[in-house]
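Throw the hints in and build the complete structure from the sequences for me.
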Amino acid sequence: MRSKASPVSDRSKGQAGWGLKSAAWFGVLYLNLPILFIILYGFTTDDASYSFPPPGLTTQWFAVTWARADFWEALWLSVQVAFASMLIAMVLGTFAAAAMYRFKFFGKEAVTLLILLPIALPGIVTGISLRSAFSLGDVPFSYFTIVLGHATFCIVVVYNNAIARLRRSSPALIEASMDLGADTFQTFRHVILPNLATALLAGGMLAFALSFDEIIVTTFTAGQQETLPIWMFGELSRPRQRPVTNVAAIFVMIITFVPILAAYYLTRDTDDVAGSGK
Amino acid sequence: MTTTGAARPRSLSNSFSTFLYQRPRLVLALLLVPPLLWLGIIYLGSLFTLLAQSFFSIDDFTAQTIYEPTLATYARLFTATNLSIIFRTLAMASVVTVISGIIAFPLAYYIARFASGRMKALFYVAVMLPLWSNYLVRVYAWKLILAKEGAIHWSINSLGLGPVLDWILTLPVVEGSSLSTSYIGTTLTFVYIWLPFMVLPIQAALERVPRSLLEASSDLGARPNETFRKVIFPLAIPGIAAGSIFTFSLTLGDYIIPQLIGSSRPFIGQAVYQFQGTAGDIPMAAAFAMVPIVIMAIYLAIAKRLGAFDAL
Amino acid sequence: MTSSSGATAVSFQNVSRHYGAVKAVDDVNFDIRDGEFFAMLGPSGSGKTTCLRLIAGFEQPTAGHVVVHGVNMNGVPPYDRDVNTVFQDYALFPHMTVLDNVAYGLMIRKVPVAQRRQQAEEMLEMVALGGFGGRKPSQLSGGQRQRVALARALVNHPKVLLLDEPLGALDLKLREQMQVELKAIQRRVGITFVYVTHDQGEALSMSDRVAVFNQGKIEQLASPIELYEKPATTFVAGFVGISNLLEGAAARAATGAEQACSIRPEKIHLERSDAAIPADAMTARGRVSSILYLGANTRYEVALEGGGELTVTLQNREAHAEPAEGETVQLWWEARHLMRFAQ
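Protein chains in written order, with the numbering used here: chain A, 1 to 278; chain B, 1 to 312; chain C, 1 to 343.
Please note that a few of the clues may not be correct.
Claimed, not checked - The list that follows gives simulated cross-link-like pairs (lysine-lysine, DSS-like), each with its CA atoms no further than 27 Å apart:
hint, chain 1, residue 1, chain 2, residue 2
1, C, K173, C, K183
2, C, K23, A, K104
3, C, K183, C, K230
4, A, K21, B, K120
5, B, K230, A, K21
6, C, K110, C, K136
7, C, K267, C, K230
8, A, K108, B, K304
9, A, K108, C, K23
10, A, K104, B, K304
11, C, K173, C, K136
12, B, K230, B, K120
13, C, K159, C, K217
In short, the hints are calculated from the structure, not lab data.
Below is the structure:
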């Protein structure tokens, strides 16, 4: 049957028509070309408009940005917020994943929904909810309110990574360890943690990137503080020194790509870490 | 003859571990309580505050919130202006969802069916990369591209098609002085930002279609077009529905994109933002925020029927 | 057969394990002797694996006691039991080398590094994996992983070794080879082996005694010979070997009584319809409905005239009567080989 494959079935297996191919490539270019413009405009000599093609190229904006104290303040605040949110999310996400993996209990579905809700609902709902709760409770807006908001939607990222790894590893590993004489804590240290570490780290990295990028919720939970995205948002409406925003954007891209690439490599080949015997 | 207990000497951690072993419910509680407290108090608590706020009202003279249950705020929500904001947002979310679907499907189909090896990895990264790059940066990129002096206007003028673009920009709904101040610009940017959310679930749904099914179809005499219409597309519907949840929900709640790119007419997100910010009318902002929640609840109910949750 | 000092290694005393309405193990009583190779045989869901997990401590009984070497194990966690397990999917720690896997139990018990290395290497030698210590489990074949799992358990010198279908994932040749090796290792180390399997061949070939499980209860606990020659119930007769069960009218026609009975296929003689038959034998007539040539022997299905069907296997040692399909034949067997069952 296969040997006498008609041209029809050959076509459905191997080659795409040019129409489909170009539509696919159009999608890819549409998704990726715009980023190049950000980089290009970081070098333009035109600092008041977005004229294309740029009238000239310069590297001066990197020096200008480097000298801006407010840029460094915003960057530093963003790093602090992202780091704190990441740590909270790693602890809570791991706890939740362990509970959901190990136990069956009444209301489990509801807990899953609760964990997912902060990213399922539009960011503005999360933002306005937190803001109205904070102002109702007379909580002053600060670094802590930003972290509170960020950690809430970062939990799910760590949770997803952790539970995916747990589900892929053999449940007998924990039993094997206890069978060989290790108590709960020794089992955690010698078996669970080493197997989960890369998934947790990947989840943490993604949480960091997510927090570092966030603007919608942050607008509502920040007081006078400016995280980097908020600072950039403000810069956008300034008439002069526009390429500074681009330079900052290039920084942001680099800072978020490092953890995302790291997360990718950490979770890439986990098939042989899964520990199945067959 | 039988005695209870173990033979080995015990350390403190060993004893505590045994204590926990005999009480699995306690372990469950210890694990589950911290995340539940956090999400329950901070997140659910806030959502309920928001809901409660929407049943309060604001005093017109003092601009203070009156903490008495009332439906007055909801009554004010359904004015002609606000309804047009809601309608505008819904229309935009629908258009963005449809266009995303049209662009995403061939891309997802190509990745799932035809690309293999390195090519597949390349395409996959090409879809994932924008998803994880900075949101604001990506919106900003379109501001650069769509500006009157920017790349698209320049290209079109270079091709001598400037008058055509100018004519399009005078059309009734589109209207704007440049692409970056027209609905075309807003739509392009929305589609660009949410496209990966549409591609990935469709691709996942298509990957799950076993090859033998397609061979069976052509074996039974179906031409490629028929196989596509009768077999592939129906099986991709859960993926499309799942993707549309994201594109629809995210468009409903966004306020950055319409603020940076497009006409000055507001969307739901901007309205919420302004009511709580400049106007200081938190009850109204809360009531407005309920709109996307209700719309999404209805949308999710429909998507669930289409099998979207199996494709997530 | 049993290397009996008479001591009891494991004792189940009125043990039940219920999951809601499901009775995985239902009021079971039995003893496993010290030093014996004990098999728990049964179809999936019969309760054999749950019994194993009750001994290991992964499950706690809903009622009753599991006693290991005189100590009541209720509430005792797995890590406080002198019992080790070889898991069905081996459960080797993927992030550790083979040597670290084997030395894991010693490491937990704080055996000095040099000593634990030496013991682990010795154990790897014993399972014919000397020199494999530096590899990761993912670099081993299924059979090799199986040996590592065995070494990892045995290095701790447990009082009881539990094996949960350890050969299930291996192919037939390797499985037969491992059966021989497992039996030899058990003889050498003298540890009580408790072996869970659904494969009756495995249970019969290796064990000193076999407990046959069905629906959470033990149908019969006996030596392999007794199990095969004198099954206590129709279930055992059917699960161990080919049953040839005759009931009701068919039983009456063949044996003169309606009581359910069975006769092993190799105990039946098959003759041409006109051949002479010993006077004191039990006989039946029937028609050959199918013939299956299996090399060493040939299997005949014979539809009896009085109803029912019997399977007969004949050794192909020398030429014997070779009836054709559809031919009428006489069957006979000695009365002592007939197994009768109470209903």
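Going through the hints against the structure:
1. K173(C) x K183(C): The given pair, whose Cα atoms are some 16 Å apart, holds under the 27 Å limit.
2. K23(C) x K104(A): holds (19 Å)
3. K183(C) x K230(C): Holds, because 24 Å separates the two Cα atoms, which is no more than 27 Å.
4. K21(A) x K120(B): holds (13 Å)
5. K230(B) x K21(A): With Cα atoms ~22 Å apart, K230(B) and K21(A) stay inside 27 Å; holds.
6. K110(C) x K136(C): Measuring from Cα to Cα gives roughly 23 Å; hence the hint holds.
7. K267(C) x K230(C): holds (13 Å)
8. K108(A) x K304(B): holds (19 Å)
9. K108(A) x K23(C): holds (25 Å)
10. K104(A) x K304(B): holds (24 Å)
11. K173(C) x K136(C): holds (25 Å)
12. K230(B) x K120(B): holds (26 Å)
13. K159(C) x K217(C): This hinted pair holds, its Cα atoms lying about 25 Å apart.
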